[in-house]
Amino acid sequence: MGLWLGAVLAGIFVAMALLSFVWTPFPYAAMDIAQKLRPPSAAHWLGTDQFGRDVAAQLMVGARTSIAVAIVAVGIGMGAGVPLGLWAAATRGSWIDEVIQRGGDLVFAFPSLVIAILITSVFGPSAVNAILAIGIFNIPVFARVTRGGAISLWTLDYIRAARLAGKRGARISVEHILPNVANLLIVQGTIQFSLGILAEAGLSYVGLGAQPPTPSWGRMLADSHTLMGLAPQLALFPGLAIVLTVLGLNLLGDGLRDLMDPRLRRQA
Amino acid sequence: MTLLSVRDLSVAIHGRPVLNRVSFDLAPGEVFGLVGESGSGKSMTALAVMGLLPHGAEVGGQATLAGTGLIGLPERRMCALRGREIGLIFQEPMTALNPMQTIGDQVAETLLIHGAASRGEALRVARQRLDRVGLAGERFPLERFPHELSGGQRQRVCIAMAIALRPKLLIADEPTTALDVTTQAQILDLLRGLVAEEGMGLMLITHDLAVVAGLATHVAVMQAGRIVEAGPTETVFRTRADAYTRALFAAAHHVPRRTPRIGSRPMLTVDRALRRYPLARRPFAPPRFFDAVKAVSLRLNAGESLGLVGESGSGKSTLARAVLGLDPLQGGAIRLFGEHPVGPRMPDALRAGLQAVFQDPYGSFNPRWRVARLVAEPFHLMPAPPADAAERVAAALTDVGLRPEDGQRFIHEFSGGQRQRIAIARALITRPEVIVLDEAVSALDVRVRAQILDLLCDLQDRHGLSYLFISHDLSVVRAITDRVLVMQAGQIVEEGPTDRVLDAPEHPYTRELVAATPKIPPGWMEDDDAA
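Residue numbers (the numbering used here), protein chains in the order written: chain A, 2 to 269; chain B, 2 to 532.
Don't read these hints as lab results, they were simulated from the structure.
Where hints are given, some of them may not hold.
[As the list claims (entries may be wrong)] So the derived label-pair ranges between C-beta atoms look like this: (1) A:3 x B:129: 30 to 40 angstroms; (2) B:53 x A:171: 23 to 33 angstroms; (3) B:3 x A:8: 50 to 60 angstroms; (4) A:3 x B:101: 29 to 39 angstroms; (5) B:102 x A:171: 56 to 66 angstroms.
[Stated by the list, open to error] If we take Cβ atoms under 10 angstroms as the criterion, some of the chain A residues that face chain B in the derived model are: (6) 84; (7) 158; (8) 164; (9) 168; (10) 171; (11) 175; (12) 177; (13) 180.
We put the CB at the ideal spot given by N, CA and C, even for glycine.
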């Protein structure tokens, strides 16, 4: 049930982004001052903003920005964090484990959004710098989740059996540990994905994310707040888009975890 | 006078029947034993009486405790009865206590919840109850936390909690299954004393026929949600009218047919093995160590079954890991086939000659792999997978009584006994000569255990295997081994032919172990003994 609702919400979100490559109701950057701040109508489904740009078109293209930022940020986090977590678990108790863990603590010690703001303000505001900033903070998250799940697996008899079959730590990590922590990673991945969308929106909101004219949900929110009295729908639609997408991704993550586990699948 | 009267109790969970017209009576001062295999409905009967059935359960029939109908009683009234009139003791004392609360608070909690006493009074009663279960005040003040106690001491705390308000009925669900045999004997003595002195009725749920024989006045045998046979304990044990009861009792006494052909070639030799762990270090203090295995020596000959018995913490499993070359030794040596040293860096070809079967049929397999891949995993030890790998997997599955087609299924589709067969198939796939069986049948029901023991003996006869059989269960060790080693606190204290060691133990610890093992009184099983 949750899986389907999540899949539908996330599907709408992805479909919007993909569709925007070939078609939008209006060119997203086309201004038409005569048509500014229109409420939703047959021509402009979600109305227009203060420059007369079509809100529906901007939301669709904005979804693209959000997905790109979130995918790369989660990719960085998983790509570096999961191997580190597996390595730490395979060498649990050694100095390697200790270095990986304390390194993670070091990154955790900084408030992530503040550092992201620092990075983007030092290297210049852009979507790429936002992605890097968000991605780096995902690394210790995935390292920790992976290590935690992997450590409990290392005590199981099937790992002992694999060691009796002459397999070494790296191979056991890939063959036995990784598939069995994958469900944890999928759930954490969807959570980090939605957090990435939120972080991108937050950075764009303060003007440090995607730069105009690239649309972004966060900047749409930022632009609308002075117009709340005149045109509340301008804040409502990007806000709803963020909420529904994040909700959908979280439901999808939970559902996928249950689906991927052969034991839970049998009971379902 | 009956205390608890159960009539035609039936339970279905989501439409699936789990209890079918269960009826029995329990008088005060009486011990009623409910025996059966896992899934037979023993625990479900207790949960139904307690009103603790899972969601989606439909209950039919009657259960009356001292005149009060229990079935269909509103939750509020049931809460007033639980703890006050009915006490419950669980199997796992490690998880039945809250690790964040002192033992005194946990025992006093029952009194406080029922409004039976003020806090000071409740703690005073808690002290009395803990004294009663053998945790005297000077060594076990109320301020102790569960992690400061051993398993047996924690189970005593659980019993103190259950008897805090002197309930009329005590339900004990496998109360000693998680405990060592010497601790089990003490807990059973305590329960026996409580029933006799306090006049409680005890409903004892267990899979262990010998425990029931020693404690219960009446017994009922359950199978598939039904009571197939019930009566005074001795009568049931002697007559065994029902076919299932006969099968169950026979399995508990089962001795596999063996034709040992013991050679003189040493397969595995352990010479003064030392396994030492560093303890947490204090600043400026010299490092401290714990020796889990102290200078143990043993020798396993070709075709021999060597038993290794001892209680938890004796170092059996630590020794097993070292013998399998999973952990390094800090002293001494282990050699395979008389010459090749065993250790974490031993060559793959040597490892192929030494495999193992572990205790837990549920934790022994990667749940995401199909059986054929699981069984084939040790082929990794060969330079290249053999050309006939698929045939060898099929042959190994056939060898252990499964079908070659079973290789395409996932592990969760198999029962505990079938999984242990698959574990044996995996251990055999590289055609090893030595197999370490670490509590390999301890998690199995008696009838399944008898089948697996038969299988192990059959495989030994056919393939000339040597077994190192590690177990805490003396009856299983007696049935399957030629020689036995008794381990205590990291040392071998006694060694000899199995029958001699278990019938005429010489070391005081072995004597204690043998004496503490519950036994069915001789004579109760006469026709079996004759057979």
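Results of checking the hints against the structure:
1. A:3 x B:129: 30 to 40 angstroms: 51 angstroms, violated
2. B:53 x A:171: 23 to 33 angstroms: 47 angstroms, violated
3. B:3 x A:8: 50 to 60 angstroms: With a Cβ separation near 58 angstroms, residue 3 of chain B and residue 8 of chain A satisfy 50 to 60 angstroms, so the hint holds.
4. A:3 x B:101: 29 to 39 angstroms: Taking Cβ atoms as reference, residue 3 of chain A and residue 101 of chain B lie about 33 angstroms apart, which means the hint holds.
5. B:102 x A:171: 56 to 66 angstroms: 43 angstroms, violated
6. 84: This interface hint is violated because 20 angstroms lies over the 10 angstroms limit.
7. 158: 4 angstroms, holds
8. 164: Check passed: Cβ of residue 164 of chain A comes within 6 angstroms of chain B, closer than 10 angstroms.
9. 168: OK, holds: residue 168 of chain A within 10 angstroms of chain B, min 6 angstroms.
10. 171: Result: violated, 13 angstroms to nearest chain B Cβ.
11. 175: 12 angstroms, violated
12. 177: 5 angstroms, holds
13. 180: Constraint on residue 180 of chain A satisfied, holds at 5 angstroms.
Comparing the model with each earlier hint shows violations of hints 1, 2, 5, 6, 10, 11; every other hint is respected.
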